[in-house]
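Participant: Listed in order, the protein sequences are those of chains A and B.
Per my numbering, the very first residue in the first sequence carries number 1; after that it's consecutive.
Per my numbering, the very first residue in the second sequence carries number 1; after that it's consecutive.
Read the hints as simulated data drawn from the structure, not as lab findings.
Here the structure is a predicted model, which is why all the values come from computation and not from measurement.
Using N, Cα and C, we set each Cβ at its ideal position, and we do this for glycine too.
One thing to keep in mind: the hints can contain errors.
Stated by the list, open to error - Think about it this way: if two alpha-carbon atoms lie no more than 25 Å apart in a straight line, the pair counts; the simulated DSS-like pairs of lysine-lysine are:
#1 A/K88 / B/K336
#2 B/K343 / A/K88
#3 A/K122 / A/K88
#4 B/K431 / A/K88
#5 A/K88 / B/K463
To be verified - Looking from chain A toward chain B, a few residues come up when the C-beta cut is under 10 Å (computed):
#6 L90
#7 D93
#8 E94
#9 I112
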Amino acid sequence: MGKPLRVLIADDDPVVRLFLSDVLTKVFGFEAEEAATVAKAAEKTASGAFDLVLIDRNLADGTLEDYCRKAARGGCRDVPKLVISGEKPLNWDEASMTGCGVFGYLVKPCRIDELREMIGKKFPGSLK
Amino acid sequence: MNKIRMFRYFSSFKAQATVLFGLYIAVALFILSGMIVHLQKTNFLIMAREDAKQAIQELSTTIRNKWKPDQPAKLNKASLRSYSALAQMIGHNDNIVYAVFQDPSGVSQYIGKSIPEFVWMSNHGKLDETTKRLLVITGEATRSFASYPEGRVMEYLGAVYKDKKLLGYVRVGVSERNVSASMGRLTRDTVLKILAVNIIILLCLTLLIFYATSRFELRLKKIQIKAHRMLERKMPEQEEPQNVLQQLSFEFEEIEHLVSSLKNKFMELATTISHEFRSPMQAIAGYVDFLRLGGAGPVNAEMDKYLKIIGENAERFQGFIDNVMDLVRLDGGTLKMSLAPFKPGEVVRRMVELFANQASEHGIRLKATLPEEEFMAYGDFNRVYQILVNLVSNSLKFTPQGGEIEVGARRNGMAVEFFVRDTGCGIPAAKQANLFTEFYQIKESEPLRGFKGLGIGLALSKKLVQAQGGFIALSSAPGRGTVVSFQLPQGVKAAEAAEPKP
Numbered sequence: 001m002g003k004p005l006r007v008l009i010a011d012d013d014p015v016v017r018l019f020l021s022d023v024l025t026k027v028f029g030f031e032a033e034e035a036a037t038v039a040k041a042a043e044k045t046a047s048g049a050f051d052l053v054l055i056d057r058n059l060a061d062g063t064l065e066d067y068c069r070k071a072a073r074g075g076c077r078d079v080p081k082l083v084i085s086g087e088k089p090l091n092w093d094e095a096s097m098t099g100c101g102v103f104g105y106l107v108k109p110c111r112i113d114e115l116r117e118m119i120g121k122k123f124p125g126s127l128k
Numbered sequence: 001m002n003k004i005r006m007f008r009y010f011s012s013f014k015a016q017a018t019v020l021f022g023l024y025i026a027v028a029l030f031i032l033s034g035m036i037v038h039l040q041k042t043n044f045l046i047m048a049r050e051d052a053k054q055a056i057q058e059l060s061t062t063i064r065n066k067w068k069p070d071q072p073a074k075l076n077k078a079s080l081r082s083y084s085a086l087a088q089m090i091g092h093n094d095n096i097v098y099a100v101f102q103d104p105s106g107v108s109q110y111i112g113k114s115i116p117e118f119v120w121m122s123n124h125g126k127l128d129e130t131t132k133r134l135l136v137i138t139g140e141a142t143r144s145f146a147s148y149p150e151g152r153v154m155e156y157l158g159a160v161y162k163d164k165k166l167l168g169y170v171r172v173g174v175s176e177r178n179v180s181a182s183m184g185r186l187t188r189d190t191v192l193k194i195l196a197v198n199i200i201i202l203l204c205l206t207l208l209i210f211y212a213t214s215r216f217e218l219r220l221k222k223i224q225i226k227a228h229r230m231l232e233r234k235m236p237e238q239e240e241p242q243n244v245l246q247q248l249s250f251e252f253e254e255i256e257h258l259v260s261s262l263k264n265k266f267m268e269l270a271t272t273i274s275h276e277f278r279s280p281m282q283a284i285a286g287y288v289d290f291l292r293l294g295g296a297g298p299v300n301a302e303m304d305k306y307l308k309i310i311g312e313n314a315e316r317f318q319g320f321i322d323n324v325m326d327l328v329r330l331d332g333g334t335l336k337m338s339l340a341p342f343k344p345g346e347v348v349r350r351m352v353e354l355f356a357n358q359a360s361e362h363g364i365r366l367k368a369t370l371p372e373e374e375f376m377a378y379g380d381f382n383r384v385y386q387i388l389v390n391l392v393s394n395s396l397k398f399t400p401q402g403g404e405i406e407v408g409a410r411r412n413g414m415a416v417e418f419f420v421r422d423t424g425c426g427i428p429a430a431k432q433a434n435l436f437t438e439f440y441q442i443k444e445s446e447p448l449r450g451f452k453g454l455g456i457g458l459a460l461s462k463k464l465v466q467a468q469g470g471f472i473a474l475s476s477a478p479g480r481g482t483v484v485s486f487q488l489p490q491g492v493k494a495a496e497a498a499e500p501k502p
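All chains should be built: construct the whole structure from the sequences, respecting the hints.
Facilitator: Below, the structure is given as structure tokens:
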């Protein structure tokens, strides 16, 4: 087993951030950092090396699309992103989202099993 | 002051209606009366004409009888004048102004009445060739000419023959003025009578209409009160009479707005609730998982049991919210199906996978019936999945240990049919009618396991099936189990059409 995954949690809801952080660190054994805004999230991904980003569709200062643009400019287009949000909208542009590195969508409230499955598929062997 | 009050009064519905109807009736009566008077006048003219014709006939007969061949140009005046009945008739008939006998050469003699000056003053003394020819051919003719002071004169002519020899012409003049005068005398009485009758009818009908519209207005006022109740405000006290119809139409516009805004508020509220609940639900369901997975240390069996209960109830709650949101959106028309070809066998397989553990835990045999050969159906995969989950969950609640639940899909002509069959306690026929109604639950029924639910599942399933163009049906008997099946018509055909041709 290699280095634990470094995950960034981007959500403006403190409850969600706390929960995901607890799960990622105490259940999956990963390293987790938090960001409450698109700006902060973009800053973190630009400066730090993250293996995975868990992100909501709407944060206080912007949307998922805003973050994707900022991350692309910062050269982080290829960092895998997992969206954890409300229901997937009908006009969800699968193609362009995949182009930004989004590989999955989980609907809140999400179960730990679902998270495990998604992450396990993308990063085989990373979970205990 | 009074004038203004009166004017305002006439804006009221009953006043306007009465005046309007009153006018219609008055006009109708006027036209009717006119027609009656006109008929009377025609009658008089016909009578005058009849008189003239009769006079001509009798004169002709007399002349024929009294004719003396040796006095071709002369009639025996005395004998004519002494024909008293005839003379009397002509003399006393006001309408006849003259009666003349004219021989073929043009010499005329009057009969019983002096010849008015005008007959000779104008050319009317001589007969024109056309008239003569007409008399010869048909035996009778008419002419009319205007003159003063007699007014319009209608002359009736007849030819007198004896032994095929033309003796001469009889000419009788009827004055329309005299006819009018006599008619006038008669008509004046009739007109007065007609007028009197008209006025009485008009008054009676007007009163009737006024009464009827007053009653109608009262009914409208009642509706108005209801409208105000709906708008949640009191009817304002009215100083002057208002037009209630106009007011009602305004009020109904307001009600329309109210209903529309209520619908919007409801939709908004449902969406807000569903949205706001995500965060707390994440914490509850999430941390239950977390604790059970040992995130805060080892968990003994008892703790796990209680955590499991919390988790299940959180799921139940979430399921309820999701169903209600689906229903609200289906009703509001904002829920869209995403239709595409899919394999029905796939849905059935996943269904059985999902419920395998739960079924075996309760000693129930879960069986999948796949179609003999795989085919493509057309519909919304996720919604079909959702419906089947609901149906199987229901079956699990009411099937005893040792029973069986069968989930299947099959081709039914050009339609695809899904069904869930169980060997549960069944539903009596009397209770089956309202099963697919929202919030309907059979009071006496208690699930063998699990929670009772809120009576939304079947209602939602039905709406989801219908939104895909299909229909759902249930057949059940107490003690014999239940089968719920739904079909998506044209499912197979549409899928075949959607597939690209090789």
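Participant: Does A/E94 hold up as a contact with chain B if the rule is Cβ-Cβ below 10 Å?
Facilitator: violated (12 Å)
Participant: CA of A/K88 to CA of B/K336, is that 25 Å or under?
Facilitator: Within the cut-off at roughly 13 Å; holds.
Participant: When the nearest CB of chain B is found for A/I112, is that gap smaller than 10 Å?
Facilitator: holds (4 Å)
Participant: Is A/K122 within 25 Å of A/K88, Cα to Cα?
Facilitator: holds (20 Å)
Participant: Would the hint on A/D93 stand, with a C-beta cut-off of 10 Å toward chain B?
Facilitator: Check failed: Cβ of A/D93 comes no nearer than 15 Å to chain B, outside 10 Å.
Participant: Taking the closest Cβ pair, is A/L90 under 10 Å from chain B?
Facilitator: holds (6 Å)
Participant: Sort out whether B/K463 lies within 25 Å of A/K88, counting only the CA atoms.
Facilitator: holds (21 Å)
Participant: Between B/K343 and A/K88, is the straight-line Cα distance small enough, at 25 Å or below?
Facilitator: The hint holds at about 23 Å.
Participant: Run the distance test for B/K431 versus A/K88: straight-line Cα separation, threshold 25 Å.
Facilitator: violated (38 Å)
Hint check: violations occur at hints 4, 7 and 8; the rest are consistent with the structure.
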